[in-house]
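So the protein lines, in turn, are chains R and D.
Oh and the first sequence: position 184 is 184 in the working numbering, straight run, nothing missing.
Oh and the second sequence: position 138 is 458 in the working numbering, straight run, nothing missing.
Simulated from the structure, these hints should not be mistaken for lab results.
Don't take every hint at face value.
[Claimed, not checked] Label-pair ranges, simulated between beta-carbon atoms:
1) D/Pro-593 / R/Ile-200: 29 to 35 Å
2) D/Lys-543 / R/Val-197: 52 to 58 Å
3) R/Asp-162 / D/Gln-637: 37 to 43 Å
4) R/Ile-200 / D/Asp-422: 46 to 52 Å
5) D/Leu-448 / R/Ala-34: 31 to 37 Å
6) R/Asp-102 / D/Pro-518: 51 to 57 Å
7) R/Lys-310 / D/Asn-377: 45 to 51 Å
8) R/Glu-26 / D/Asn-377: 26 to 32 Å
[Claimed, not checked] Below, computed lysine-lysine pairings styled on DSBU-like, alpha-carbon distance capped at 35 Å:
9) R/Lys-296 / D/Lys-411
10) R/Lys-212 / D/Lys-543
11) R/Lys-279 / D/Lys-594
12) D/Lys-411 / D/Lys-335
13) R/Lys-274 / D/Lys-594
14) R/Lys-274 / D/Lys-496
15) R/Lys-291 / D/Lys-411
16) R/Lys-38 / D/Lys-447
17) R/Lys-127 / D/Lys-411
18) R/Lys-120 / R/Lys-310
19) D/Lys-594 / R/Lys-223
20) R/Lys-91 / R/Lys-15
21) R/Lys-91 / D/Lys-411
22) D/Lys-542 / R/Lys-274
23) R/Lys-212 / D/Lys-594
24) D/Lys-496 / D/Lys-474
25) D/Lys-630 / D/Lys-474
26) R/Lys-312 / D/Lys-532
27) R/Lys-312 / R/Lys-223
28) R/Lys-127 / D/Lys-611
29) D/Lys-616 / R/Lys-130
30) R/Lys-130 / D/Lys-329
31) R/Lys-274 / D/Lys-599
32) R/Lys-212 / D/Lys-599
33) D/Lys-543 / R/Lys-274
34) R/Lys-296 / R/Lys-38
35) R/Lys-154 / R/Lys-274
36) D/Lys-411 / R/Lys-120
37) R/Lys-130 / D/Lys-411
38) R/Lys-38 / R/Lys-91
39) R/Lys-176 / D/Lys-594
40) R/Lys-176 / R/Lys-291
Virtual Cβ for every residue (Gly too), placed ideally from N, Cα, C.
2 protein chains.
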Amino acid sequence: MTTLSDVAKEANVSKMTVSRVINHPEQVTPELRAMVEKAMESLDYHPNSIAQALVNNRSNVVKFVTLEDIDTTEPYYMNLLFGFARGLNSKQYAMQLVTDPDQIENGRADGYLITGARNKNYDMFDKLDKPFVLFGENHRGYDFVDSDNQMAEKMATQYALDRLYKHIIFIGIDIKEPFEYSREAGYINTLQQHQLVPQIYRVANHSHVAEKVVREHFKEFKKDTCFICASDRIAIGVVRALQRALQSQGARIPEDFGVIGFDGVFLDQVSNPKLTTIKQPIFEMGEMLAKMLLQKIAQSGSPQGEIMLKPKLVRRQTTR
Amino acid sequence: MTTLSDVAKEANVSKMTVSRVINHPEQVTPELRAMVEKAMESLDYHPNSIAQALVNNRSNVVKFVTLEDIDTTEPYYMNLLFGFARGLNSKQYAMQLVTDPDQIENGRADGYLITGARNKNYDMFDKLDKPFVLFGENHRGYDFVDSDNQMAEKMATQYALDRLYKHIIFIGIDIKEPFEYSREAGYINTLQQHQLVPQIYRVANHSHVAEKVVREHFKEFKKDTCFICASDRIAIGVVRALQRALQSQGARIPEDFGVIGFDGVFLDQVSNPKLTTIKQPIFEMGEMLAKMLLQKIAQSGSPQGEIMLKPKLVRRQTTR
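Pulled out of the complex, with its shape left as it was, chain R reads as follows:
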């Protein structure tokens, strides 16, 4: 079995140096670290993670906390979770899934990934005793990873204009959170650039609610309208309402009405017709969150900043 001494010999450094690279990589120069890691790799040396954890007073466990009342069947979270797991595996970290906020500090963990944080949760965060990062943008200075929500809806709105829809309506989520404001801002800014007047409806994030609202307001919508929706759930409801209302009029999707969703996980593809949507890089965000959290733990909680990943517009059957 390869020992620490073997690695020291191979890298031509002291055992102390190897130990430091393993336990306090932030205390050594990048060159030294690269050299020792190369030696560890060539000898296939894997430090005993439990012994190492004891030395560092670490558990090698982090918690994946979902504060939102999530439907655990929501495919969105599955992608995030598998991305997060991939990021953890590279450092041999394991995770506990927590859905009850009172359980966050129960048991041992080195840090927390928190998803679905809402304004009401922030008081609790300031009392947490371990490093944490958020999934989802916030304006409180907490480290986070998210999609660039504003840019996303700029893309969607501009695309609708490029496809020559004359009226662009935003169907947002009825929630006072930064991600929603950013999405609306992307839509509003783009319309203003084209001297068009924004028109926003806000609904609960359920397809049947969106369906009902669009059905009730249907007479106000003119031909050549494209609906920019803040989620695929909402977009599905909008499509359903349009399909029913249009059947009797001979009007069609996407020729007369367009719909653009948001998220791009699963729902957009099982819907019929398939949704044109903003696809978030959710797996990548999960992986990024793991890296950010592990780095924050290694650096004893120092700030990691904000990372916004660029989403993609996926063209399918609900736009011209």
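Position chain D against the provided structure of chain R, taking the given hints into account.
The following block gives chain D in isolation, referenced to the frame of chain R:
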């Protein structure tokens, strides 16, 4: 801080006994164990999980391994995972998610939950060095938890007959695995009891494949047929094919044709019309798998047997 000595005093036993209850609960009588655990609870004593893990040579980590080529957006697995997490949390266990079979034994873990096992995987299992349990029935004697697949399709077939559909056709998954055979057996046995002749089609587990097959064979299907499908994905494809074919004929779902799915996670509810389906207790199976695996680890790998949970028939819009 509460110590082991405090617990010993409270329970009126030796420190050695407390230690044994914590580290080798299988070596003490249930009465003694209950007494010590009660004392631990009343004093709010939580043994240091890392120190404890070292004593036991345990990592307090298990791996959740998915061997199937899964779409990580598949909501089915999310439920299983959250149920599994709930089962682990009660014993302060964490998990690593593994999708690459070559990574199973990489790093430390006390045991494995393996999902999506196929015949080709069994050779590998015999070489695993840690206790494991399977999600999904098998006839090789490996411990598992699954739904009672045969009983499920008995229920579905009997229900279709009770709703007075005259022809019952099974659309199965084109895969040679025990769960599929069990589902087909449930269908076949029920038809035979009623002196009816089984008719089975097998397709890849994708809605568009099922849609194509039903479209191609549509002329062979008579009014008053109910399709028993081995998954909700398949059922959605069948519904889609029927909707298109029926529009031109004035025939309808569920009046002239019925469809029953299998799984009952998410897809059955976002489909339009909503599916009558067999709902598997997936969250509960996940929780059960965690308990089975942790018990197997505590008992040094001794066999745990088979657990089959009873699924439910959920009546919605695709049957009379």
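Structure-based check of all given hints:
In this structure the hint that D/Pro-593 and R/Ile-200 lie 29 to 35 Å apart at CB holds, the actual value being about 31 Å. Our hint of 52 to 58 Å for D/Lys-543 and R/Val-197 holds, since their Cβ atoms are close to 53 Å apart. At roughly 39 Å, the beta-carbon separation of R/Asp-162 and D/Gln-637 lies within the given 37 to 43 Å, and the hint holds. Checked against the hint of 46 to 52 Å, the C-beta distance between R/Ile-200 and D/Asp-422 comes to roughly 50 Å, which is consistent with it.
For the hinted restraint 31 to 37 Å between D/Leu-448 and R/Ala-34, the CB-CB distance of approximately 35 Å keeps it satisfied. Taken as a hint, the range 51 to 57 Å holds for the pair R/Asp-102 and D/Pro-518, whose Cβ atoms sit roughly 52 Å apart. Restraint check, R/Lys-310 to D/Asn-377: a C-beta distance of roughly 46 Å satisfies the suggested window 45 to 51 Å. Evaluation of the 26 to 32 Å hint for R/Glu-26 and D/Asn-377 yields a pass: the beta carbon distance comes to about 30 Å.
A C-alpha spacing of about 27 Å is found between R/Lys-296 and D/Lys-411, which places the hinted pair at or below 35 Å, so the restraint holds. Of the pairs offered as hints, the one joining R/Lys-212 and D/Lys-543 holds, with about 34 Å between alpha carbons and a cut-off of 35 Å not exceeded. At most 35 Å may separate the alpha-carbon atoms for a hinted pair to count; R/Lys-279 and D/Lys-594 meet this at roughly 26 Å. Between D/Lys-411 and D/Lys-335, the direct Cα distance comes to roughly 21 Å. Compliance with the 35 Å bound is thereby established for this hinted pair.
Of the pairs offered as hints, the one joining R/Lys-274 and D/Lys-594 holds, with about 18 Å between alpha carbons and a cut-off of 35 Å not exceeded. Among the hinted pairs, R/Lys-274 with D/Lys-496 is consistent with the structure: their alpha-carbon atoms are about 32 Å apart, no more than 35 Å. Between R/Lys-291 and D/Lys-411 the CA atoms are separated by roughly 27 Å; this keeps the pair inside 35 Å, and the hint holds. Simply put, R/Lys-38 and D/Lys-447 have alpha-carbon atoms about 31 Å apart, close enough for the 35 Å limit, and the pair holds.
Simply put, R/Lys-127 and D/Lys-411 have alpha-carbon atoms about 25 Å apart, close enough for the 35 Å limit, and the pair holds. At most 35 Å may separate the alpha-carbon atoms for a hinted pair to count; R/Lys-120 and R/Lys-310 meet this at roughly 28 Å. Taking the CA atoms of D/Lys-594 and R/Lys-223, the gap is about 30 Å. The hint holds against a cut of 35 Å. This hinted pair checks out: R/Lys-91 and R/Lys-15 have alpha carbons roughly 21 Å apart, not beyond 35 Å.
A distance of roughly 23 Å separates the Cα atoms of R/Lys-91 and D/Lys-411; the hinted pair therefore holds under the 35 Å criterion. About 30 Å separates the Cα atoms of D/Lys-542 and R/Lys-274, which keeps this hinted pair within 35 Å; it holds. Straight-line distance between C-alpha atoms of R/Lys-212 and D/Lys-594 comes to about 17 Å, which keeps the hinted pair within the 35 Å bound. For the given pair, D/Lys-496 sits about 20 Å from D/Lys-474 by alpha-carbon distance, which is consistent with the 35 Å threshold.
At most 35 Å may separate the alpha-carbon atoms for a hinted pair to count; D/Lys-630 and D/Lys-474 meet this at roughly 12 Å. At roughly 31 Å between alpha-carbon atoms, R/Lys-312 and D/Lys-532 fall within 35 Å of each other, so this suggested pair holds. About 27 Å separates the Cα atoms of R/Lys-312 and R/Lys-223, which keeps this hinted pair within 35 Å; it holds. For the hint pairing R/Lys-127 with D/Lys-611, the CA-to-CA distance comes to about 33 Å; that is within 35 Å, so the pair holds.
At roughly 32 Å between alpha-carbon atoms, D/Lys-616 and R/Lys-130 fall within 35 Å of each other, so this suggested pair holds. The suggested pairing of R/Lys-130 with D/Lys-329 holds, with an alpha-carbon distance near 33 Å, which does not exceed 35 Å. Taking the CA atoms of R/Lys-274 and D/Lys-599, the gap is about 26 Å. The hint holds against a cut of 35 Å. Taken as a hint, the R/Lys-212 and D/Lys-599 pair is honoured in the structure, with Cα atoms around 28 Å apart against an allowance of 35 Å.
Simply put, D/Lys-543 and R/Lys-274 have alpha-carbon atoms about 30 Å apart, close enough for the 35 Å limit, and the pair holds. Distance restraint check for R/Lys-296 and R/Lys-38: the Cα-Cα separation of roughly 23 Å lies within the 35 Å cut-off, and the hinted pair is therefore satisfied. For the hint pairing R/Lys-154 with R/Lys-274, the CA-to-CA distance comes to about 21 Å; that is within 35 Å, so the pair holds. Only pairs whose Cα atoms come within 35 Å are accepted, and D/Lys-411 paired with R/Lys-120 is accepted, the gap being roughly 30 Å.
A hinted pair counts as satisfied when its Cα atoms are at most 35 Å apart, and R/Lys-130 with D/Lys-411 qualifies at roughly 21 Å. Simply put, R/Lys-38 and R/Lys-91 have alpha-carbon atoms about 16 Å apart, close enough for the 35 Å limit, and the pair holds. For the proposed pair R/Lys-176 and D/Lys-594, the alpha carbon gap of about 32 Å is at most 35 Å, so the pair holds. Distance restraint check for R/Lys-176 and R/Lys-291: the Cα-Cα separation of roughly 29 Å lies within the 35 Å cut-off, and the hinted pair is therefore satisfied.
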